[in-house]
Amino acid sequence: MTLRSALSYAKGLVSAKEGLHHWVLQRLTALALIPITLWFVISIIGLVGTGYNEFTYWLDKPVNATLMILFVAISFYHAQLGMQVIFEDYISNQSRKMSCVITVKFGCYLLMALSIFSILKIAIGG
Amino acid sequence: MSTASRPLSPHLQVYRLPLTALLSITHRITGVGLTVGTLLLSYWLTSAAYGPDAYANATAFIGSWFGYLCLLGFSVCLFYHLCNGIRHLFWDAGKYFEIPETARINWVVIIATVVLTAVAWFVALT
Chain A
0 MTLRSALSYA
10 KGLVSAKEGL
20 HHWVLQRLTA
30 LALIPITLWF
40 VISIIGLVGT
50 GYNEFTYWLD
60 KPVNATLMIL
70 FVAISFYHAQ
80 LGMQVIFEDY
90 ISNQSRKMSC
100 VITVKFGCYL
110 LMALSIFSIL
120 KIAIGG
Chain B
0 MSTASRPLSP
10 HLQVYRLPLT
20 ALLSITHRIT
30 GVGLTVGTLL
40 LSYWLTSAAY
50 GPDAYANATA
60 FIGSWFGYLC
70 LLGFSVCLFY
80 HLCNGIRHLF
90 WDAGKYFEIP
100 ETARINWVVI
110 IATVVLTAVA
120 WFVALT
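Sequence lines, in order, name chains A and B.
Last residue of the first sequence: 125 (numbering that gives the first Met the number 0), numbering continuous.
Last residue of the second sequence: 125 (numbering that gives the first Met the number 0), numbering continuous.
Calculated directly from the structure, the hints in this document are not laboratory data.
Note that CB positions come from ideal geometry on N, CA and C, so glycine has one too.
Among the hints, a few may not be true.
As the list claims (entries may be wrong) - Some chain B residues judged to face chain A by a derived CB distance under 7 Å, without partners named:
#1 R27
#2 T34
#3 V35
#4 G36
#5 L44
#6 T45
#7 A47
#8 A48
#9 Y54
#10 G84
#11 T125
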């Protein structure tokens with residue numbers, strides 16, 4: 000699937016870089032996060048005051064585990080896209096900009112993997 | 000008369016930001032806040048995967064006054080970024096660009112953020 004229209008190719012309006020892909024993914028992840036965030040907030044409110052047993056019992060449910068994995072995965076993906084734009088806009092020094100972008104991307108994917116593994120461990124291994 | 004020390008363009012120090020611009024930069028600031036907040040989210044999920052003792056430590060930290068302060072900041076950032084993010088999606092679709100509409104939606108975003116945060120905390124704590 001291409002995100003570019005045939006007309007934009009015909010007019011020569013096509014980006015030579017990855018900007019469009021980044022832009023579209025930031026909006027698509029934002030759209031996906033609207034319902035998932037509402038689910039997350041309502042779930043967290045329901046979990047207030049509960050302990051380890053209640054939480055792991057709740058996360059053991061396939062729907063809860065799946066939505067939590069999606070929430071974590073899409074949130075971290077959206078976060079690293081957004082942080083990249085902020086660094087690109089405000090840091091003019093090229094090497095400093097690149098090191099900030101790469102550091103935050105590595106950090107986001109590390110925490111994403113850690114969180115998803117933890118959810119799976121509770122839901123499958125718990 | 001020397002003109003050398005005059006500002007070259009409307010700069011942040013001499014230019015009163017319109018509300019729309021303030022809300023725009025707040026969207027980025029809350030995005031950074033949410034990215035930092037994902038550390039807490041990861042810590043909470045990972046602690047549950049480590050077991051009851053680690054989870055008790057995590058919830059003790061989250062239940063402390065500093066933890067509550069973090070949660071309050073995280074919830075404000077989350078609701079603001081959610082509400083203003085929906086407005087950004089409408090802007091991306093080419094809607095609500097007229098100044099009276101923008102000025103009205105500024106207040107819709109601000110009030111929705113306050114109401115959602117207040118309702119979430121009220122329901123969670125009662």
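Now the hints, each set against the structure:
The interface hint given for R27 (chain B) is met, as the beta carbon of that residue sits about 6 Å from the closest beta carbon of chain A, less than 7 Å. For the restraint placing T34 (chain B) at the interface with chain A, the shortest Cβ-Cβ distance is roughly 4 Å, inside the 7 Å limit, so the hint holds. Given hint, V35 (chain B) at the interface with chain A, is violated; its Cβ is 10 Å from that chain's nearest Cβ, farther than 7 Å. Given the 7 Å rule on beta carbons, the hint for G36 (chain B) is violated: about 10 Å separates it from the nearest Cβ of chain A.
The beta carbon of L44 (chain B) comes within 5 Å of a beta carbon in chain A, closer than 7 Å, and the hint placing it at the interface holds. A least Cβ separation of about 5 Å between T45 (chain B) and chain A falls short of the 7 Å threshold, and the interface hint therefore holds. The closest approach between the C-beta of A47 (chain B) and any C-beta of chain A is roughly 6 Å, which is under the 7 Å cut-off, so the hint is satisfied. Of the supplied interface hints, the one on A48 (chain B) holds, with its beta-carbon coming within about 4 Å of a beta-carbon of chain A, less than 7 Å.
Because the beta carbon of Y54 (chain B) sits about 4 Å from the nearest beta carbon in chain A, less than 7 Å, this interface hint is met. The interface hint given for G84 (chain B) holds, since its Cβ lies 5 Å from the closest Cβ of chain A, which is under the 7 Å cut-off. Hint status for T125 (chain B) relative to chain A: violated, with the closest Cβ pair at about 10 Å, above 7 Å.
Violated hints, in rising order: 3, 4 and 11; the structure is consistent with all others.
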